[in-house]
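2 protein chains.
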Amino acid sequence: MTTVEELKLRVRELENELIKCKQKRCAEEDACDNLTHHRPRIDKMSAEVVDSNPYSRLMALKRMGIVEDYEKIRTYTVAVVGVGGVGSVTAEMLTRCGIGKLVLFDYDKVELANMNRLFFQPHQAGLSKVEAAEHTLRSINPDVMFETHNYNITTMDNFTHFMDRISRGGLQEGKPVDLVLSCVDNFEARMAINTACNELGQIWMESGVSENAVSGHIQLIIPGETACFACAPPLVVAANIDEKTLKREGVCAASLPTTMGVVAGILVQNVLKYLLGFGTVSYYLGYNAMQDFFPTMSMKANPQCSDHYCRKQQEEYKRKEAERPKQEVVEEKEEEQIVHEDNEWGIELVSEVTEEELKAASGPKPDLPEGITVAYTIPEKEEAASAAGETVEETEQSLEELMAQMKRI
Amino acid sequence: MTTVEELKLRVRELENELIKCKQKRCAEEDACDNLTHHRPRIDKMSAEVVDSNPYSRLMALKRMGIVEDYEKIRTYTVAVVGVGGVGSVTAEMLTRCGIGKLVLFDYDKVELANMNRLFFQPHQAGLSKVEAAEHTLRSINPDVMFETHNYNITTMDNFTHFMDRISRGGLQEGKPVDLVLSCVDNFEARMAINTACNELGQIWMESGVSENAVSGHIQLIIPGETACFACAPPLVVAANIDEKTLKREGVCAASLPTTMGVVAGILVQNVLKYLLGFGTVSYYLGYNAMQDFFPTMSMKANPQCSDHYCRKQQEEYKRKEAERPKQEVVEEKEEEQIVHEDNEWGIELVSEVTEEELKAASGPKPDLPEGITVAYTIPEKEEAASAAGETVEETEQSLEELMAQMKRI
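Read top to bottom, the protein sequences are chains A and B. Sequential numbering of the first sequence, starting at 257, is according to the working numbering. Sequential numbering of the second sequence, starting at 257, is according to the working numbering.
Just so you know, these hints were derived from the structure itself, not from any lab. Remember, predicted model here, so these are calculated numbers, not experimental data. It is possible that part of the hints are untrue.
Same chains, same names: a pair is fine if it fits in one copy or spans any two.
Calculated pairs, DSS-like style, for lysine-lysine (alpha carbon to alpha carbon, straight line, at most 25 angstroms) [claimed, not checked]: (1) Lys365 x Lys276; (2) Lys264 x Lys276; (3) Lys574 x Lys365; (4) Lys318 x Lys300; (5) Lys568 x Lys365; (6) Lys431 x Lys556; (7) Lys264 x Lys300; (8) Lys582 x Lys431; (9) Lys318 x Lys556; (10) Lys276 x Lys582; (11) Lys568 x Lys431; (12) Lys582 x Lys300; (13) Lys568 x Lys300; (14) Lys264 x Lys431.
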């Protein structure tokens with residue numbers, strides 16, 4: 257027979273255990289709902305050198321003479337499209353750097369098969385990638401604003417919404433984002449981002465990792481000025497390595513946390529250099545892991561680009577360049593911290609592939625540095641148009657037709 | 257007055273709430289003690305392409321023709337010394353790749369000031385780095401074996417224990433580890449690792465990130481064959497950038513998740529290439545983030561190296577090389593997958609620093625590729641010896657004297 261005293265003791269014991277469990281949950285886990293149990297929000301970045309300051313090592317970049325105004329990072333919004341092996345690490349790096357706002361797009365779920373890349377953890381399997389990412393990122397840095405969209409940007413309605421968020425989803429609602437990062441793993445999604453950014457005149461950066469997991473690249477695209485994704489097929493490093501960078505249906509691509517971590521690292525480094533104005537922003541930086549070879553280059557926009565808006569942006573860019581006095585052009589270039597090195601690749605590769613093999617693998621190719629070739633060749637314009645039964649006047653085609661055309665490629 | 261019935265009801269309520277709290281902890285957090293709530297251990301790596309297989313994208317490296325025997329990774333042990341910005345990401349990448357065993361060394365605690373680098377989270381502030389890292393890594397991949405040491409390797413007793421664990425802490429207890437990775441942030445710890453590896457003939461890799469956060473490097477050291485840390489001062493890329501790579505007391509070094517992520521990525525990539533035998537293992541790979549410049553090189557051991565065991569390993573290496581028939585040498589080199597390119601750096605740098613500035617900054621320097629200089633110069637042997645009041649016979653000095661000498665440098 258249990259006495260009242262014994263029961264009261266048991267109640268007290270259980271109450272204590274429950275409090276301890278709740279405290280432990282909030283102290284240990286990274287999924288605590290009550291954000292006050294993590295670090296409080298910080299109104300102003302401080303350079304104070306104390307262990308409790310999450311920004312001390314970033315603000316030190318000013319004292320080291322690298323960045324003039326680090327706090328400016330809080331005013332920027334970056335959209336990350338694709339929150340997989342590269343996109344999730346990209347988002348984490350930007351979050352830890354204290355970016356103002358992140359807009360994340362993905363429609364995938366976390367799977368155990370993703371555990372060979374950084375960021376996601378086994379207990380998140382089954383959650384949507386954007387939901388899981390937001391949860392983790394918020395607990396890492398509550399100062400960052402997050403906006404997530406759990407959808408496929410390539411469907412009609414979603415594409416319209418995607419365009420709207422790129423053009424109006426900045427920190428100041430109604431203003432465009434400052435940069436779009438493509439971290440997707442397929443051609444269709446890249447083309448959708450390309451189409452949107454060409455139409456909006458939105459500067460973006462492309463990233464990619466090869467199917468065999470041992471090469472990757474990043475690329476800066478300034479509509480009208482540099483080659484867009486439709487101006488030239490994606491470039492790949494072709495020394496000893498399979499040329500295919502495009503994800504094929506039904507093929508299980510290999511992936512490595514190393515290659516994806518390096519690509520995310522050089523991508524976000526380029527973002528920081530671009531937004532905070534330090535160093536030389538790369539137009540194209542490749543990573544060949546087999547030989548530790550990092551080709552750089554830049555490519556001008558193609559006047560015959562199949563994208564109508566790209567050609568329109570090129571005209572706009574030419575008009576502005578012509579209007580600008582010579583002196584001003586030089587000054588602005590210096591401000592943008594972008595160094596044009598059209599012919600100084602500065603890198604040589606001892607290729608084990610013969611010139612003939614390269615030619616056979618890539619077909620007619622543009623004038624590229626040794627060791628680089630194109631992933632696929634663009635069909636002749638006339639052939640493509642006639643095959644699709646379209647008129648030459650395809651510049652006036654609707655978005656719907658454009659999407660349909662993309663799917664046929 | 258509380259009745260027995262009311263008390264019993266309260267006990268049942270509390271018991272249910274406690275169960276729920278414990279279940280929630282295990283479902284949400286990454287710090288669950290009960291590993292059965294995460295994914296079960298896997299006995300044999302499978303190449304099956306299903307969402308629930310955490311190794312499918314790694315095993316795909318075999319199908320892609322990159323790695324011959326990926327499963328071999330489970331037989332290797334890697335020691336990571338320093339679990340900070342580079343070491344923690346290094347350990348995470350190796351964990352996600354399914355390495356057999358990790359031996360972690362660090363004596364620091366997690367601080368909010370570390371949150372600008374990947375891996376640690378704010379709720380871990382105050383925990384020891386090795387404890388926090390093991391917790392997270394175990395939940396990411398329960399197949400990996402972990403051994404952690406929460407101590408400073410540079411004190412006498414700890415150094416002896418460190419040597420013991422390097423020489424006997426392999427997967428098969430009593431066997432040495434397969435590789436030691438230096439991810440420390442100071443000169444003294446690097447010298448301790450160098451001393452231990454020279455004495456043991458243990459192959460290791462060095463890594464480092466500059467104080468201004470925008471450059472870094474990795475280096476492979478094979479005792480007796482390649483330059484050890486005492487053979488030549490650490491090399492830094494000197495184009496436009498401060499030469500100091502050594503952490504100075506009282507200076508708050510800047511750091512970036514990008515640079516540290518890239519350095520960890522190229523480090524672990526080199527580890528995978530070395531252990532699994534694919535691609536070209538780099539002897540030295542630098543990363544200059546300001547200009548996206550990645551110098552490579554190799555350096556032979558210095559016959560005048562101040563480290564007694566280095567000189568001893570050099571003799572041993574020479575003896576073995578001389579004994580080996582010519583044909584065999586070539587074969588073994590191929591097996592090791594290390595390409596010797598003594599004079600083919602393959603990289604040019606358009607330096608904005610004049611030759612005179614480089615010379616002034618680095619003093620008498622070895623024959624290095626353009627754009628690379630040494631971080632500091634070694635004092636003349638006679639001067640150093642007389643200043644310390646030591647005899648020329650310093651090859652017989654004790655470990656204690658060696659440590660004291662290191663501190664004076």
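Hints, one by one, checked against the model:
no. : hint            : result
1   : Lys365 x Lys276 : between (32 angstroms within a copy, 23 angstroms between copies)
2   : Lys264 x Lys276 : both (18 angstroms within a copy, 22 angstroms between copies)
3   : Lys574 x Lys365 : neither (44 angstroms within a copy, 56 angstroms between copies)
4   : Lys318 x Lys300 : within (15 angstroms within a copy, 50 angstroms between copies)
5   : Lys568 x Lys365 : neither (38 angstroms within a copy, 56 angstroms between copies)
6   : Lys431 x Lys556 : neither (28 angstroms within a copy, 57 angstroms between copies)
7   : Lys264 x Lys300 : neither (49 angstroms within a copy, 52 angstroms between copies)
8   : Lys582 x Lys431 : neither (31 angstroms within a copy, 69 angstroms between copies)
9   : Lys318 x Lys556 : neither (34 angstroms within a copy, 38 angstroms between copies)
10  : Lys276 x Lys582 : neither (70 angstroms within a copy, 69 angstroms between copies)
11  : Lys568 x Lys431 : within (22 angstroms within a copy, 67 angstroms between copies)
12  : Lys582 x Lys300 : neither (40 angstroms within a copy, 66 angstroms between copies)
13  : Lys568 x Lys300 : neither (42 angstroms within a copy, 56 angstroms between copies)
14  : Lys264 x Lys431 : neither (58 angstroms within a copy, 57 angstroms between copies)
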